Structures are given as structure tokens and as C-alpha cells.
Amino acid sequence: MAEEQKTGTVSGVNGNMITVVFDTQVVQNEVAYVLTGDMRLKSEVIRVRDRVADLQVYEQSGGIRVGDKVEFTDELLSVQLGPGLLTKVYDGLQNPLAELAEESGFFLQRGLYFPPLDMETKWEFTPTAEVGAELRAGETLGTVPEGIFEHRIMLPFGWSGKWRVTEIAEKKEFSLKEHVATVEQNGEQRQVFMVQSWPVRVPISNYSKKMLPSETLVTQQRIVDTFFPVAKGGTFCTPGPFGAGKTVLQHALSQFSQVDVVVVAACGERAGEVVEILREYPELEDPRTGRSLMDRTIIICNTSSMPVAAREASIYTSVTLAEYYRQMGLNVLLLADSTSRWAQALREMSGRLEEIPGEEAFPAYLESLIAGFYERAGLVRLYDGSTGSVTIGGAVSPAGGNFEEPVTQATLKVVGGFLGLSRDRANARRFPAIDPLESWSKYPPIVERKKVRQASDILRRGNEINQMMKVVGEEGTPISDFVVHLKGELLDSVYLQQNTFDKVDGATSAERQQYCFEKIIQILHQEFQFENKDQARRFFNQLRQLLIDWNYEEFESDNFQQSEEKINQMLNGQES
Amino acid sequence: MKKIHHRIIEISGNVISVDAENIAYNTLAEVTTGDQVSLAQVIRLEGKRVYLQVFAGSRGISTDSQVRFLGKPMQVTSSENILGRVFTGSGTPRDQGPHLRESMIDIGTPSVNPARRIIPSNMIRTGLPMIDVFNSLVESQKLPIFSSAGEPYNELLARIAMQAEVDIIMIGGMGLKHDDYIFFRDTLEEKGALTRSVMFIHTASDPVVECLLVPDMTLAVAENYAVNGKRVLVLLTDMTSFCDALKEIAITMEQIPSNRGYPGDLYSQLASRYEKAVDFEGAGSITILSVTTMPGDDVTHPVPDNTGYITEGQFYLTNQRIDPFGSLSRLKQLVNDKTRPDHRPIMDNMIRLYADYRETLEKRSMGFRMNEWDQKLLRYGGLFEERMMDLDVNINLEEALDQGWQTLAECFESSEVGLKSDLINNYWPQNGSNSQNSDDQTNGQDQTD
Ligand SMILES: Nc1ncnc2c1ncn2[C@@H]1O[C@H](COP(=O)(O)OP(=O)(O)O)[C@@H](O)[C@H]1O
Ligand SMILES: [Mg+2]
Numbered sequence: 001m002a003e004e005q006k007t008g009t010v011s012g013v014n015g016n017m018i019t020v021v022f023d024t025q026v027v028q029n030e031v032a033y034v035l036t037g038d039m040r041l042k043s044e045v046i047r048v049r050d051r052v053a054d055l056q057v058y059e060q061s062g063g064i065r066v067g068d069k070v071e072f073t074d075e076l077l078s079v080q081l082g083p084g085l086l087t088k089v090y091d092g093l094q095n096p097l098a099e100l101a102e103e104s105g106f107f108l109q110r111g112l113y114f115p116p117l118d119m120e121t122k123w124e125f126t127p128t129a130e131v132g133a134e135l136r137a138g139e140t141l142g143t144v145p146e147g148i149f150e151h152r153i154m155l156p157f158g159w160s161g162k163w164r165v166t167e168i169a170e171k172k173e174f175s176l177k178e179h180v181a182t183v184e185q186n187g188e189q190r191q192v193f194m195v196q197s198w199p200v201r202v203p204i205s206n207y208s209k210k211m212l213p214s215e216t217l218v219t220q221q222r223i224v225d226t227f228f229p230v231a232k233g234g235t236f237c238t239p240g241p242f243g244a245g246k247t248v249l250q251h252a253l254s255q256f257s258q259v260d261v262v263v264v265a266a267c268g269e270r271a272g273e274v275v276e277i278l279r280e281y282p283e284l285e286d287p288r289t290g291r292s293l294m295d296r297t298i299i300i301c302n303t304s305s306m307p308v309a310a311r312e313a314s315i316y317t318s319v320t321l322a323e324y325y326r327q328m329g330l331n332v333l334l335l336a337d338s339t340s341r342w343a344q345a346l347r348e349m350s351g352r353l354e355e356i357p358g359e360e361a362f363p364a365y366l367e368s369l370i371a372g373f374y375e376r377a378g379l380v381r382l383y384d385g386s387t388g389s390v391t392i393g394g395a396v397s398p399a400g401g402n403f404e405e406p407v408t409q410a411t412l413k414v415v416g417g418f419l420g421l422s423r424d425r426a427n428a429r430r431f432p433a434i435d436p437l438e439s440w441s442k443y444p445p446i447v448e449r450k451k452v453r454q455a456s457d458i459l460r461r462g463n464e465i466n467q468m469m470k471v472v473g474e475e476g477t478p479i480s481d482f483v484v485h486l487k488g489e490l491l492d493s494v495y496l497q498q499n500t501f502d503k504v505d506g507a508t509s510a511e512r513q514q515y516c517f518e519k520i521i522q523i524l525h526q527e528f529q530f531e532n533k534d535q536a537r538r539f540f541n542q543l544r545q546l547l548i549d550w551n552y553e554e555f556e557s558d559n560f561q562q563s564e565e566k567i568n569q570m571l572n573g574q575e576s
Numbered sequence: 001m002k003k004i005h006h007r008i009i010e011i012s013g014n015v016i017s018v019d020a021e022n023i024a025y026n027t028l029a030e031v032t033t034g035d036q037v038s039l040a041q042v043i044r045l046e047g048k049r050v051y052l053q054v055f056a057g058s059r060g061i062s063t064d065s066q067v068r069f070l071g072k073p074m075q076v077t078s079s080e081n082i083l084g085r086v087f088t089g090s091g092t093p094r095d096q097g098p099h100l101r102e103s104m105i106d107i108g109t110p111s112v113n114p115a116r117r118i119i120p121s122n123m124i125r126t127g128l129p130m131i132d133v134f135n136s137l138v139e140s141q142k143l144p145i146f147s148s149a150g151e152p153y154n155e156l157l158a159r160i161a162m163q164a165e166v167d168i169i170m171i172g173g174m175g176l177k178h179d180d181y182i183f184f185r186d187t188l189e190e191k192g193a194l195t196r197s198v199m200f201i202h203t204a205s206d207p208v209v210e211c212l213l214v215p216d217m218t219l220a221v222a223e224n225y226a227v228n229g230k231r232v233l234v235l236l237t238d239m240t241s242f243c244d245a246l247k248e249i250a251i252t253m254e255q256i257p258s259n260r261g262y263p264g265d266l267y268s269q270l271a272s273r274y275e276k277a278v279d280f281e282g283a284g285s286i287t288i289l290s291v292t293t294m295p296g297d298d299v300t301h302p303v304p305d306n307t308g309y310i311t312e313g314q315f316y317l318t319n320q321r322i323d324p325f326g327s328l329s330r331l332k333q334l335v336n337d338k339t340r341p342d343h344r345p346i347m348d349n350m351i352r353l354y355a356d357y358r359e360t361l362e363k364r365s366m367g368f369r370m371n372e373w374d375q376k377l378l379r380y381g382g383l384f385e386e387r388m389m390d391l392d393v394n395i396n397l398e399e400a401l402d403q404g405w406q407t408l409a410e411c412f413e414s415s416e417v418g419l420k421s422d423l424i425n426n427y428w429p430q431n432g433s434n435s436q437n438s439d440d441q442t443n444g445q446d447q448t449d
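Chains as they are written, first to last, in this note's numbering: chain V, 1 to 576; chain A, 1 to 449.
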């Protein structure tokens, strides 16, 4: 018994926004298709006034005519959730890009959509619930292996109340088309499949409670873990002008962070940068699992020349996929590059709707949308007692590199960590160019907080002395101050700076950071006796070289120990 | 067959409106006033009301001008006969040649599927050490020249284009001075490159809407060649004029500006053009070199700012030189490890020393004493500017690297430059340090003979 198709008629076109006169009723944010020529263009209802709905079209709107038919689907913009998401590369609407390429070649083709998950692939289902069990939405019926994970097959998140299992499959292979269980509530029977659909703008909240993020998420970036840490379930942002290293930092985080799943949202930035991930990650090994890095990665790729409305949606698509894997008790890291492009997409649409603009023409509700997005991060206790987390790190691309702009400011209000990238540091090739004097984090570092404060203090003083020295010259600076300055520089160049592209230096384990930071603290505390500034400078230059060499040695290897021995000798030599 | 509409309802800015039915968004119409014909494009539909942007501007259009809808979007010819030709932004010939109406293709085509992109790997040699050595240009890169007004940016573009080993050169001129247009045409002609070039030229005196069309027309032709296996170099100058045209039109359309009058979609507009740069696996490529003049010399101005977020680096052109600081080729690391083993170390060390030189200059200007090291740096800085930075220098990469070693050796002891010993052993010039350059040596030999 097919339901009656809800339809409407195009009455206006303005860029990628169309107005549609509808026949019966529409739902805010429901998906509709504009039938133009032989194409069906996906769109979403974004405003309703009287009998007229405004729709954003997820494609270029060229060729649409007044009078074209529109079919409404009654479904909110949704993603498909099930085994097979890992390793996939999707556009902002969850179209698999590789499959699209097979069909349409070099170029994306308007109106061409593919199912996000392969419906034929068989997955070995192992039941965990028994007939008679009463389950809530989000509770597990069984699992299938997906790469190294036990992918949980859960009762669909939107089903309210308790459902009794009346039938459940044996351990066997199924495709996503086949149901694996039947459940019942008040006489209503429903089949459960291994795939479910979920509206992207609605957070998945099938857990017992949200908890305060307290455990450090180790990124293996020294300046992050030791100074401006990220927590599992926390949020942070990395604003910076172009060329400051936002993308390189995000790539490093996606590669080296100690989490289970990474969702990379390439939102409105260069396509070429995604290609590096696409082509390189399958070849890179994840040292935690010995598998390819791609095995734990999902890429949502709606780069700058792809349709703007789909860019807006891509942020929600990404976070929904992240939440889905959190439901399996996994730690998920979502990296969005760049949230500013998402905000700009909102601005473009708001302009077409002729809404009253806020600052820099961003819509007045920008702040609450940004807050709502980061709010979807979190550490949660699931119904079965296990925990899972979604950590969100958003790059921000402020106009003119000036942090006093709406997107950066709105973001700073809601995140737990601010890793500000500075043009000066990037120009001086001090990478990662996170400004150690401006950045902050509310999360616990992997070393003693007290020691971090001591180190930061030296940095700050060293910087002040350096500023002063620019005015009065080296001659006018007391040697004690000069040494503080040298200590600050040393800390910066051998600990804060890190060679992202080096096999060893690129990733520093928590253990190694703890070990090496002790050495640094020891140096910072040590009283040095120098006859003059030249001698001091020479000493620190040499020490710096030794420490850098040390950074390039495999942790706890023979060379590592020999390097350390040299450092110790130098330090002892000074003492005697 | 096509119905002609006579009653123009509204004329405002470059936009006119008529009532018509069954008109497709973004398609074209011909607006005829007396014997003047201009193309126009549908930019908004509202019930029966059709808003059209008139490419030649609305001046002289009367309420009873004729509007004839063509039922197709903006197109450009992909005919082989296009080579050597010059067109306006709307595709009419600017030279004496015939109109080309065969093999028309759409402009503003969809984006390349990211899954079909490949990692670029070919260096484009330019003969400029500041590019080849320090910020190598890579095939399929998109790179703007951020320039102050009055700098020789068009000369620089033309020079790179003549030097680069590419199959097709596309030039998109926006707001160009007539002289600059002549300059490009003459340069192409002199070097015999005209027959593999196509130009779409909008000059400062042409209608502003045509300026907007230039990048899309240019890139559509480029894309067609690239898909068919050609390596295409696209020069776009000046993209700031393009952005100003966007601004002008947005304001007349009463759109709410976001930043200094520019529309909120400036980023997306620029990105959809620049992202056309691509290397097609198994076919050709598009490399885009553009000019972005910086109003008030300010990088944080919305045009250079949005551009920098999109392109793969930028060259700063100031005081007739490509400035080594701030200039960046984000793709250089993909190619500069395949040239010569000393390429990267020379690049890093020479720049570091040049930065030290700049610091020394600052110290000197503040009246601090110059020590022996400072003196060496001062000497080095001067030579660096003369041999590497001067735009008149035209040498290949290998010669430039040799020059680099020579310069280092003239100014410093080999132990002072921070290069690894095996490189020093291989490359450090044997004639030793301090003031012996090869010319002196030849002279010396002449004397002993
Ligand atoms: N950690 C790093 N180590 C070395 N070089 C870096 C690093 N981060 C950035 N860079 C350099 O800076 C350039 C720009 O970095 P990118 O991350 O693309 O900047 P953004 O995304 O902020 O515009 C890179 O191409 C690279 O040359
Ligand atoms: Mg970036």
C-alpha cells in the first residue's frame, strides 16, 4: 500500500534556494527532490511560510524552472548507519565518492546519488540478546566484526519504549538487506536490520548519562599533550590565519591520536589536501593495531568547490557518524577543517532567506549553532555500563587572521581548549605554530600541572626579556635574564617544536613525553654559571643540538641512551 | 520559434526583468535594442517574473527592448580553431577572426570528484631562482601573485608562461589596461606562443558583468584541453578586479555585504574557480597562476585573505622582487626532493641565513655594533638579493643551486653554514671562500698563461 506522494511546484529560484508551493503539508528540514529535466535534485526544506516552502538545493540550481515538480519525502535529512562506514569517503550527504567516480568519471554529476553502504556485502552476525529480552533503543542485539572492532547492531535509536525480542538470528552471515531480529511492543512487530537511518541534525542520545571529560586524549604532539591537552569527550579549536598550519596539525592529529575511530570532515577547504589522506592513509600503519590507518578512518569530504548547501550538512553528517561509533563504546575523534566554511555556508543561506544579519553578515543564530555542534561531543556512559566518547576539534579560519571575529569568538565560548596558531610562529617556521603564550586548555595534561606552570612561566619571562632586549640590546641585559631567555628558547625549540614529518619526532608517546619533560624541567631549574653571554649562548646552542638529536632517536634505543648520556655530561660539566 | 518578449518591467543596475513562462534558471537571453544586441543571463525567477543580468550593462536598454530567451546556459566553443584567438568575457571575438559557434560546451562545470584526484608530482621550471629553488611551482598547482600596485606582475606572469613547458596557455584578463592586453598579445606573438594560446580579455572600459565571466570562460576551455590530455597553464589577472565586479553586482542587487562590501560568498566564488586546477590521471592538467593586487598593500584585505585560504601558497611581489618571507609554495615538498640532493638543504639554509641578514639590518638601523658575523651576513644578503632575488636573473635550477653554493663559499667558512658534512664535501666550491668567484678565477688563469 504505497503512501500518497506529497508534491509541490517550484515558484521561484534564487541561487541554490528555491520556493515551492506545496499541496498538502510539509515538515521543516524534510528532504525533497526537484524534478528538472531528467534529474532529481536533492533539497531540504529550510523555511515554511503559509503555503510556500523555501528549500535549499544540494546542487547547482541551473536549469530549474518555475512549474517544475517537487516530491517531498517526509524524511529528515538522514544518514545510514551500519557496518561498512569505516574506510569510506563520502560527500557531505553521505554519497560514496569512489562509487560516484566509477559511474561519472572525473567530475561529480548533478543528481547522481548512491547508497552509502553496500547492501550486498555479507557480515557475520553474532547475537548477544536472547529471545524474550526487553531492550531500549540503542541497546545491543548482536555484533559483527568490522575491521578490528566489534560493530554493535543496536535497536534503532528512534524507537521509543521497551521492545521485546521475539526472534533473533543465529550466528551467520547476513547482508544489510536481511533482518536479523524481530521485536514487539504492545502487539506491534518490527524487524531489525543491521542498518538504520538517523536524522543528522538530531544528536544521538541513547546513553545513561554524559560525564565530565577527564582523561587526556594523547595526540603525541608534545605542545598539545603537555601544555594544551585535549580530553576524550572534550572539545577544542585551532584557529589561525592561512598558512599557519591548521591542516598539517589536523592531519597529524588524525594520524597520531590514540583513539579508536577518526572522522575527518574536510569541510569547504582544498580538495588536494583530502587527496593526501586518501592516497596515503591506506599505506600508513596504525602502530596501535598494526592495520592500515584507513581502517579506523571515515572521511567526509565536501571541499570548497562542491555545493555549498551540502557543505553545511557535512558537519552534521560527520558528527552523526562519530556519535554512532561512540554508541559502540569507542573513543572517536572528529576533526573538522574548517568550521568557518560551514559558518559561511550558513551565512550564504541566511542571506538568500533575507534574514536580519548579525555581525559580518553571519546569521544571528550562528552562536547557538556552533554551541550546538560542539555540544554533541562528550564522554558518555552507555546503557551497558561501558563508556564511549566523541572529541571534536575544529579548525577556524578567521578573516584576516584576526581572532576578534564572530566564528572564533562564538567557538571560544564553548570549547574546552584553544590552540591558537600564530602567523609569526609559522613565518619563523616554529611548527606546530601553536602560540604557547596565548593558548589554553581546561583539560588535564599528561604531566604534573605544577611543572607545566613552571615551564610556562619561563617561556613568558623569556619572551618578556627578549622584547626588552630588542630595545636595550644584549649589552643592556643582565646575564641572569639572558639565561632565562635562553632557557625559554631552548624549551621552545626542543620541546614545543616538533618535526611533524619525521618518523620518530613526529609522534611522541605519552611515556616519552613524561620522561623527556622531566629532563627539560631539570634544565630549566638548573643554575648555570657563565662568564659571559657568548659562553652562555654557545652552551645553549650546543645543548639544543644534543636535545634535538635526542628527539630523533627511537625511544629507549641504544642511541637514545647515548644521546641522553651526552646531554647529562654537558649538564654535569656545567655544574662542576 | 522562440517567443520574443517586448515589455521590460524593471531596469536597475545591470538587471532587467520581464514576465515570461517556462524559463530555466541560469539560461541566456538576447536583449535587442535597435541594432544593439547583448546577452543576458537569468539570475532569479519569481513566479512569472524573470530577472536577467545584462552582460553589456543596462545603459540604453528601453522598456520596449526585445528579449529573446535562448534556452541554454552560457557556453563557449571548444573548437580547435580557438587557438590564437582573443575574445571578450562573453565570448565575442576581440580580434579580426570569425565568430566560433561550433562544438559549444557549458561553462561553470561541476567540480572534480576528489576521489579522482591524484597527488601532483611534476615541477614546472620557471628560470626564477626564487621560485625554482625556494618555492617550486608544481603542475596542477593554483598559486596567486600577491602584488602591490605598480609592480611588474603581468611581466612576471608572461615570463613564467613563456618559460614553462606546457601545451596550452590560457590568459584570462580582468579589468586589464589596454596596454597590458597588447603587451600579453605581443609577447605571445614574439615568442611564437600565440598559436597555442587563447585569451579572454575584459578591459577596464568593458561592461563589468563580462569581467565576471572571464574566469569561467577561460577555465572551461582549459578544462576541455586538460581532459583531452593537454597540460594547460592558466593565467588570471587581476583577480581583484573579478572580486570587485562581484562586489559591485552584489551591491546593486542589494545583497547584504559581509566584509568591506564584498558578498558573503566571496570565498565560494573564488574557490569554485581556483579548484579547477587539477592533474587528471591519465590525461592532462590545469595549473593556475593568478595575480591578486592587494588594495592598500594589506594582506588581510578580503580579496588576498580569501584567496590565501584557497590557493596552494602565494608569491609576494614587492619592490620588484619575490619576497622569500611569506611567499610559499605549499606543494614544493612534493617535487623538491626529486631534483638534486642539495636542493632542500640549500633552500633551508640560504633562507635561514637571509633571515639572519634581515635581522642584522634591523640591528644596524638601531645603531647596534656590527660584529664579524654581522659583517659576513651583510655581504651575504647583498649577494643573495643580486643573484637570487633579482627578477632579471634567468637561470635553471641547477645553475641556481651552484650559484647558491658559490655565494655561501664567498661569504662563509664551510663550518659556519650549518650544512651536513657529506653535502659540504660534495658541493662546497674548491676555490675556497672569500671573494673568489669564477670570473676572477678565469681572469687569473689568463694572466698566468
Ligand atoms: N608542522 C609543520 N611542519 C613543517 N611545516 C609545516 C607544518 N605545519 C605547516 N607547515 C607548512 O606550512 C604550510 C601551510 O600549512 P597548512 O596546514 O596547510 O596551513 P593552513 O591550513 O593553516 O592554511 C604547509 O604547506 C607547510 O609548508
Ligand atoms: Mg588549511
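If you are wondering where the hints come from, they were derived from the structure by calculation, not from laboratory data. Please note that the accuracy of each hint is not assured.
Here are the simulated DSS-like cross-link-like pairs (lysine-lysine), alpha carbons at most 27 Å apart as the crow flies [as the list claims (entries may be wrong)]:
id: 1; chain 1: V; residue 1: Lys-6; chain 2: A; residue 2: Lys-420
id: 2; chain 1: V; residue 1: Lys-503; chain 2: A; residue 2: Lys-3
id: 3; chain 1: A; residue 1: Lys-72; chain 2: A; residue 2: Lys-3
id: 4; chain 1: V; residue 1: Lys-413; chain 2: V; residue 2: Lys-210
id: 5; chain 1: V; residue 1: Lys-503; chain 2: A; residue 2: Lys-338
id: 6; chain 1: V; residue 1: Lys-209; chain 2: V; residue 2: Lys-162
id: 7; chain 1: V; residue 1: Lys-172; chain 2: V; residue 2: Lys-122
id: 8; chain 1: V; residue 1: Lys-442; chain 2: V; residue 2: Lys-413
id: 9; chain 1: V; residue 1: Lys-470; chain 2: V; residue 2: Lys-566
id: 10; chain 1: A; residue 1: Lys-72; chain 2: V; residue 2: Lys-69
id: 11; chain 1: V; residue 1: Lys-533; chain 2: A; residue 2: Lys-48
id: 12; chain 1: V; residue 1: Lys-171; chain 2: V; residue 2: Lys-122
id: 13; chain 1: V; residue 1: Lys-566; chain 2: V; residue 2: Lys-519
id: 14; chain 1: V; residue 1: Lys-69; chain 2: V; residue 2: Lys-171
id: 15; chain 1: V; residue 1: Lys-413; chain 2: V; residue 2: Lys-209
id: 16; chain 1: A; residue 1: Lys-230; chain 2: A; residue 2: Lys-338
id: 17; chain 1: V; residue 1: Lys-177; chain 2: V; residue 2: Lys-122
id: 18; chain 1: V; residue 1: Lys-69; chain 2: A; residue 2: Lys-420
id: 19; chain 1: V; residue 1: Lys-566; chain 2: V; residue 2: Lys-451
id: 20; chain 1: V; residue 1: Lys-88; chain 2: V; residue 2: Lys-172
id: 21; chain 1: V; residue 1: Lys-470; chain 2: A; residue 2: Lys-363
id: 22; chain 1: V; residue 1: Lys-162; chain 2: V; residue 2: Lys-177
id: 23; chain 1: V; residue 1: Lys-566; chain 2: V; residue 2: Lys-533
id: 24; chain 1: V; residue 1: Lys-450; chain 2: V; residue 2: Lys-209
id: 25; chain 1: A; residue 1: Lys-338; chain 2: V; residue 2: Lys-566
id: 26; chain 1: V; residue 1: Lys-69; chain 2: A; residue 2: Lys-230
id: 27; chain 1: V; residue 1: Lys-519; chain 2: V; residue 2: Lys-450
All of these numbers come straight from a predicted model, not from anything done at the bench.
Here is how each hint holds up against the structure:
1. V:Lys-6 - A:Lys-420: Distance of about 73 Å is beyond 27 Å: violated.
2. V:Lys-503 - A:Lys-3: 69 Å, violated
3. A:Lys-72 - A:Lys-3: Judged against 27 Å, a Cα distance of about 15 Å means the pair holds.
4. V:Lys-413 - V:Lys-210: 20 Å, holds
5. V:Lys-503 - A:Lys-338: 19 Å, holds
6. V:Lys-209 - V:Lys-162: 18 Å, holds
7. V:Lys-172 - V:Lys-122: Distance of about 9 Å is within 27 Å: holds.
8. V:Lys-442 - V:Lys-413: The hint holds at about 13 Å.
9. V:Lys-470 - V:Lys-566: This hinted pair is violated, its Cα atoms lying about 33 Å apart.
10. A:Lys-72 - V:Lys-69: 20 Å, holds
11. V:Lys-533 - A:Lys-48: 82 Å, violated
12. V:Lys-171 - V:Lys-122: Roughly 12 Å between the alpha carbons, so the hint for V:Lys-171 and V:Lys-122 holds.
13. V:Lys-566 - V:Lys-519: 13 Å, holds
14. V:Lys-69 - V:Lys-171: The given pair, whose Cα atoms are some 47 Å apart, is violated under the 27 Å limit.
15. V:Lys-413 - V:Lys-209: 23 Å, holds
16. A:Lys-230 - A:Lys-338: Holds - the C-alpha atoms of A:Lys-338 and A:Lys-230 are around 23 Å apart, at most 27 Å.
17. V:Lys-177 - V:Lys-122: With a Cα-Cα distance of about 10 Å, the restraint between V:Lys-177 and V:Lys-122 holds, given a limit of 27 Å.
18. V:Lys-69 - A:Lys-420: It is violated: about 70 Å lies between the C-alpha atoms, which goes past 27 Å.
19. V:Lys-566 - V:Lys-451: 24 Å, holds
20. V:Lys-88 - V:Lys-172: 24 Å, holds
21. V:Lys-470 - A:Lys-363: Roughly 9 Å between the alpha carbons, so the hint for V:Lys-470 and A:Lys-363 holds.
22. V:Lys-162 - V:Lys-177: 24 Å, holds
23. V:Lys-566 - V:Lys-533: 23 Å, holds
24. V:Lys-450 - V:Lys-209: 32 Å, violated
25. A:Lys-338 - V:Lys-566: 35 Å, violated
26. V:Lys-69 - A:Lys-230: At roughly 41 Å apart (the allowed maximum being 27 Å), A:Lys-230 and V:Lys-69 break the hint.
27. V:Lys-519 - V:Lys-450: 15 Å, holds
Checked against the numbered hints listed earlier, the structure breaks hints 1, 2, 9, 11, 14, 18, 24, 25, 26; every other hint is satisfied.
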